[in-house]
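Student: Work the whole structure out from these sequences, hints included.
Letter by letter, the sequence shown follows residues -19 to 289 of my numbering.
For the record, the hints were derived by calculation from the structure and aren't laboratory data. Hints are supplied without guarantee of correctness; some may be wrong.
[To be verified] With a Cα cut of at most 20 Å, we get these calculated EDC-like pairs of lysine to aspartate or glutamate:
#1 K11 to D134
#2 K19 to E35
#3 K104 to D(-13)
#4 K181 to D198
#5 K41 to D54
#6 K41 to D84
#7 K41 to E270
#8 K101 to E130
#9 K20 to D54
#10 K19 to E270
#11 K261 to D236
#12 K49 to D8
#13 K(-2) to D8
[To be verified] Pairwise CB distance ranges, derived in the manner of DEER restraints:
#14 G183 to N92: 44 to 54 Å
#15 N228 to L79: 43 to 53 Å
#16 E1 to R25: 24 to 34 Å
This structure is a prediction, so every number in the text was calculated from the model and none was measured. Ideal Cβ placement from N, Cα and C applies to all residues, glycine included.
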Amino acid sequence: MSELSVDHLLGIKYLNKKDIELIFETADHFKEVINRPIKKVPSLRDITIANLFFENSTRTKLSFELAEKRLSADVINFSSAQSSVKKGETLIDTVNNILSMKVDMVVMRHPNPGAGVFLSKHVKASIINAGDGAHEHPTQALLDSYSIRERLGDVKGKKVVIVGDILHSRVALSNIFALQLQGAQVMVCGPKTLIPKYIDKLGVKVEANLRKALNWCDVANMLRVQNERMEISYFPSTREYTQQFGVNKDLLNSLDKEITIMHPGPINRGVEITSDVADSKQAIILNQVENGVAIRMAVIYLLASKIKQ
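Tutor: Okay, structure coming up:
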């Protein structure tokens, strides 16, 4: 059995193309499992996983929890909103306390970029980064690529535009790395103020006009505007943002071709996409949610098999 080249999933930038292929093949298998009447496999009965969420997250947390339970792992949930972190306990203290409970794997979301890397150097457990600040969100990028592969047959050679708040988005950065690794072309589109300065160093096209970007692409990944990460105003108003960068059904229907619409969620309906787009046949948003569980099962399973050796 081939194995991952890494002991942790800290970011897409640490993976190679073979790793991604292995994760996708494993996810194909687990997707069959999820669609059976009995959705559980006993693969990880002797593995304990701690979910550490230092930032609020509903969907990612639920998706990881479901993946862990489908694999029959023992799960400990920890959310810092109700914990000693409020009392000033450090990341290392928190983790050491959890590791003293003999945890094999830690799934962590943290507001500071690099928190997962820091942790992986200090604790003896396999770390999965479930989002570190505006840096990376590797499982989201994997499930996005997996969903493109499922809909279009292959990621290689496809043109993908990521639209919206690129500056504050960990989804964007992980997606750029993952898509390029698989041979896709990537473009970003959004208000100038929300496109990071370093973006051209990543070999990504930049387009200010949404219609041009949509006519260029095969897939549009619509990001939400992350108001909670903004200390200043990056554009005049939500209404103006929607007029320039929102996708509605009329715009989609007026394009030269039929494109695929994605969204990592949660959707601000009526802002980045309208409801009739979100619920249309062109959107694969619900497939992304289902694929998220299969991808996370695959990642957890592959990392756990390295622990067991």
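Student: None of the hints should be skipped; say for each whether it holds.
Tutor: A quick look at each hint next to the structure:
no.	hint	result
1	K11 to D134	holds, 17 Å
2	K19 to E35	violated, 29 Å
3	K104 to D(-13)	holds, 11 Å
4	K181 to D198	violated, 23 Å
5	K41 to D54	holds, 15 Å
6	K41 to D84	holds, 18 Å
7	K41 to E270	holds, 14 Å
8	K101 to E130	violated, 36 Å
9	K20 to D54	holds, 13 Å
10	K19 to E270	holds, 13 Å
11	K261 to D236	holds, 17 Å
12	K49 to D8	holds, 18 Å
13	K(-2) to D8	holds, 15 Å
14	G183 to N92: 44 to 54 Å	violated, 27 Å
15	N228 to L79: 43 to 53 Å	holds, 49 Å
16	E1 to R25: 24 to 34 Å	holds, 27 Å
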